[in-house]
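Asker: Assemble the whole structure, with the sequences as input and the hints as a guide.
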Amino acid sequence: MSIPLEHVIILASLLFAMGLGCTVAWRSNVIMMLIGIEIMLNAVMLVFVGASARWGVADGQLFALLIMALTSAEVSLALAMVVYLHRRKKTVNTDVFDSMKG
Amino acid sequence: MKLYLAIMLLLPLAGGLTSALAGRLLPRRLLEFLICATVWGGFVCAALAAASYTAPLTVNLAPWITAFDLGAPLSLYLDPLSLSLAVMVTFVCGLIHIYSVFYMAEEGDYPRFFALLNLFVFAMLTLLLAENLPLLYLGWEGVGFCSYLLIGFWYQDKANADAGRKAFITTRIGDTALVIGIAWLFQLFGTFSMVQLNGMAFLIPGGVVTAIGVLFLIGAMGKSAQVPLQVWLPDAMAGPTPVSAMIHAATMVTAGVYLLARMFPFFGGSAVVTSAIAVTGGITAFYGASCAVAQRDLKRVLAFSTISQIGYMMLGVGAGAITAATFHLLVHAFFKALLFLGAGCVITAMHHEQDIFKMGGLRRSLPVTFWCFLAGSACLAGIPLTGGFFSKDSIIGALWLKGVPLYQALYVLALITALLTSFYSFRLVYLVFGGETNAHIHGSRELKVMELVLVPLALLGLCGGVLDLPGYLGGGFLGHFFANLAGGKAAEAPQATEIVLQAIAGALALAGLAAAHVAFSGKARAKRIAEADNPSALTSFLFHAWHFDDLYRLLFIRPYAALSGFLWQRMDEGVIDDSLDRLAQGVGATGTWFGRWTAGRISLYIVSFAAGGAAILGYLAWVTLS
Numbered sequence: 756m757s758i759p760l761e762h763v764i765i766l767a768s769l770l771f772a773m774g775l776g777c778t779v780a781w782r783s784n785v786i787m788m789l790i791g792i793e794i795m796l797n798a799v800m801l802v803f804v805g806a807s808a809r810w811g812v813a814d815g816q817l818f819a820l821l822i823m824a825l826t827s828a829e830v831s832l833a834l835a836m837v838v839y840l841h842r843r844k845k846t847v848n849t850d851v852f853d854s855m856k857g
Numbered sequence: 010m011k012l013y014l015a016i017m018l019l020l021p022l023a024g025g026l027t028s029a030l031a032g033r034l035l036p037r038r039l040l041e042f043l044i045c046a047t048v049w050g051g052f053v054c055a056a057l058a059a060a061s062y063t064a065p066l067t068v069n070l071a072p073w074i075t076a077f078d079l080g081a082p083l084s085l086y087l088d089p090l091s092l093s094l095a096v097m098v099t100f101v102c103g104l105i106h107i108y109s110v111f112y113m114a115e116e117g118d119y120p121r122f123f124a125l126l127n128l129f130v131f132a133m134l135t136l137l138l139a140e141n142l143p144l145l146y147l148g149w150e151g152v153g154f155c156s157y158l159l160i161g162f163w164y165q166d167k168a169n170a171d172a173g174r175k176a177f178i179t180t181r182i183g184d185t186a187l188v189i190g191i192a193w194l195f196q197l198f199g200t201f202s203m204v205q206l207n208g209m210a211f212l213i214p215g216g217v218v219t220a221i222g223v224l225f226l227i228g229a230m231g232k233s234a235q236v237p238l239q240v241w242l243p244d245a246m247a248g249p250t251p252v253s254a255m256i257h258a259a260t261m262v263t264a265g266v267y268l269l270a271r272m273f274p275f276f277g278g279s280a281v282v283t284s285a286i287a288v289t290g291g292i293t294a295f296y297g298a299s300c301a302v303a304q305r306d307l308k309r310v311l312a313f314s315t316i317s318q319i320g321y322m323m324l325g326v327g328a329g330a331i332t333a334a335t336f337h338l339l340v341h342a343f344f345k346a347l348l349f350l351g352a353g354c355v356i357t358a359m360h361h362e363q364d365i366f367k368m369g370g371l372r373r374s375l376p377v378t379f380w381c382f383l384a385g386s387a388c389l390a391g392i393p394l395t396g397g398f399f400s401k402d403s404i405i406g407a408l409w410l411k412g413v414p415l416y417q418a419l420y421v422l423a424l425i426t427a428l429l430t431s432f433y434s435f436r437l438v439y440l441v442f443g444g445e446t447n448a449h450i451h452g453s454r455e456l457k458v459m460e461l462v463l464v465p466l467a468l469l470g471l472c473g474g475v476l477d478l479p480g481y482l483g484g485g486f487l488g489h490f491f492a493n494l495a496g497g498k499a500a501e502a503p504q505a506t507e508i509v510l511q512a513i514a515g516a517l518a519l520a521g522l523a524a525a526h527v528a529f530s531g532k533a534r535a536k537r538i539a540e541a542d543n544p545s546a547l548t549s550f551l552f553h554a555w556h557f558d559d560l561y562r563l564l565f566i567r568p569y570a571a572l573s574g575f576l577w578q579r580m581d582e583g584v585i586d587d588s589l590d591r592l593a594q595g596v597g598a599t600g601t602w603f604g605r606w607t608a609g610r611i612s613l614y615i616v617s618f619a620a621g622g623a624a625i626l627g628y629l630a631w632v633t634l635s
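Residue numbers (the working numbering), protein chains in the order written: chain A, 756 to 857; chain B, 10 to 635.
Simulated restraints on C-beta separations:
#1 B:Gln594 <-> A:His841: 43 to 49 Å
#2 B:Ala623 <-> A:Val812: 28 to 34 Å
#3 B:Trp606 <-> A:Val812: 39 to 45 Å
#4 B:Leu592 <-> A:His841: 45 to 51 Å
#5 A:Arg809 <-> B:Tyr628: 23 to 29 Å
#6 A:His762 <-> B:Gln594: 53 to 59 Å
#7 B:Tyr628 <-> A:Val812: 28 to 34 Å
#8 A:His841 <-> B:Trp606: 25 to 31 Å
#9 A:Asp853 <-> B:Gly621: 18 to 24 Å
#10 B:Gly627 <-> A:Glu829: 25 to 31 Å
#11 B:Gln594 <-> A:Gly776: 39 to 45 Å
Bear in mind the hints are in silico, worked out from the structure with no lab data behind them.
All C-beta atoms in this analysis are idealised placements derived from N, C-alpha and C, irrespective of residue type, glycine included.
Answerer: Structure follows, in structure tokens:
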């Protein structure tokens with residue numbers, strides 16, 4: 756039994772919107788923002804996999820694997836940076852780190 | 010022949026460049042010797058060329074401008090006209106160079122002076138020997154450029170620099186007309202060669218010949234200081250005196266006359282052009298002489314006399330008497346160089362005093378200068394049997410022999426001018442050399458040498474008449490020499506007419522001398538000097554040169570300055586600058602306002618990013634759905 760592509764896309768869109776909402780709204784905590792980014796990436800991955808199943812082409816699944824590898828690398832780097840930032844200012848609130856002000 | 014001509018041109022150029030580039034490195038004596046030697050070397054070449062001259066010839070030295078059908082090689086043309094002038098220019102300039110060495114003995118910036126002097130000679134020789142119009146124009150601009158720099162030689166004084174600029178700008182007006190004429194000729198005939206052009210005038214309508222002739226005349230007006238472009242010449246006195254001598258006698262101002270004489274076969278057929286040349290010359294001759302009568306500055310008197318004498322030459326060209334015009338040009342070069350160099354001696358001796366009303370008694374303290382200056386004045390006045398008498402009279406006679414009412418009116422004008430000329434020449438002599446001395450004379454070794462230079466010029470001026478004696482005295486050398494030149498054949502007159510014409514001119518010259526004697530000798534001299542501080546209206550009018558400068562200031566300079574002021578303050582600063590300033594301020598303010606967006610808060614960036622993404626998505630959705 757196959758799930759229609761529309762359903763997959765609707766689910767992915769909802770996931771993406773929630774991830775974006777999390778990233779935008781939860782600015783007092785950089786870890787929550789990272790989680791939001793992860794959710795968005797997963798939504799994208801879902802679309803790839805769904806499309807791959809729909810047309811029977813393996814490229815989408817390859818991309819999903821690629822994104823997984825990329826995400827793990829990104830998270831490990833990002834968390835290391837979070838630790839570093841926390842050491843500097845004793846906080847994980849992103850708005851405190853505004854030294855790039857124009 | 011080719012060698013002579015090439016060396017004649019290259020020597021002054023090499024001297025000028027050496028002086029300009031390495032003048033400071035050489036010992037002063039060596040440099041002075043060098044720059045005199047180059048010009049005298051040029052004279053030797055010119056003399057050798059004259060000795061081996063047989064017939065007009067064109068010498069091709071090198072290609073110069075070659076582009077499609079436009080060709081202007083470095084080619085020279087030697088005919089009686091250019092040959093006689095080249096000999097004269099190198100000789101007179103050679104004497105002036107020797108004189109300058111001593112005149113400028115105390116000048117610190119001598120390499121610049123000598124370099125310009127030599128380049129001046131080079132430019133003039135290029136102008137004289139050029140076979141095609143672009144090469145002639147190169148020399149034409151060369152003399153203009155050198156004269157500009159030499160007139161403003163003492164440029165730290167603003168008046169001198171202004172005089173240089175005035176000369177440059179005024180002559181530039183004429184030059185523009187000349188360039189248009191040259192371009193037009195090329196467009197019509199596809200060649201620049203003057204030899205070819207001179208034989209092709211019959212191919213085009215008379216109106217075009219007239220128009221081109223008038224353009225060339227305007228060019229000559231600028232260079233030769235003819236009314237209405239004469240205003241620069243009196244101010245050109247700001248330069249050192251040897252420079253004045255060079256500009257007035259041998260180089261610069263004769264260029265216009267030479268150009269018209271050279272191109273005469275081209276537009277000689279157009280009665281309008283020849284009449285225009287003659288009228289310009291006649292008016293200028295009278296104008297110059299009338300102004301010279303009232304001047305107080307020694308050099309300005311001579312400057313106005315130059316304007317007047319060049320006017321005579323123009324009259325000669327206008328009357329078709331090229332031989333007479335060239336004859337006067339040559340003799341004038343001798344006596345005008347003599348007068349200017351004599352004036353230089355006087356000015357040096359008088360501690361740079363130039364007001365003739367403050368001079369006097371110099372006949373005893375500067376006897377050599379006095380006798381030479383007297384000879385020069387006699388030539389200028391046209392006292393019978395001097396060179397000036399024969400040359401001026403051949404022009405005046407040619408006017409009468411045209412037998413046309415216009416030329417006869419000009420003949421009368423020329424006679425009145427001759428009377429005035431004689432009067433102001435001897436006025437000058439009486440005021441400068443007459444009376445009793447009232448100043449200490451600054452004698453020096455340099456002055457002695459400078460006086461010696463005057464002697465050969467005085468002899469040449471006095472005896473210049475033998476160059477072209479009138480028919481009843483056996484005919485002249487120049488007349489035969491120029492016989493084959495187009496326009497060179499003078500109208501033959503019965504000897505009786507010729508003698509009567511010369512008698513009238515001679516009588517008028519003597520009358521001028523008598524008038525000057527009555528007005529300025531003995532006790533009358535003191536009276537004139539006393540009167541000089543309260544000039545009459547006429548004297549003042551003539552002193553200010555008919556107020557031409559004021560007229561031009563009113564007609565051209567003030568409207569131009571007003572327009573410039575308007576364009577500067579209203580247009581440039583008001584419209585262009587202000588609008589740019591406003592625009593820049595607006596962009597700056599907008600930038601600052603947008604700059605607040607980069608608050609450094611990552612959350613804001615993310616929201617902006619998301620909003621941007623949403624906007625793009627919305628647009629794509631709208632495009633897809635509609």
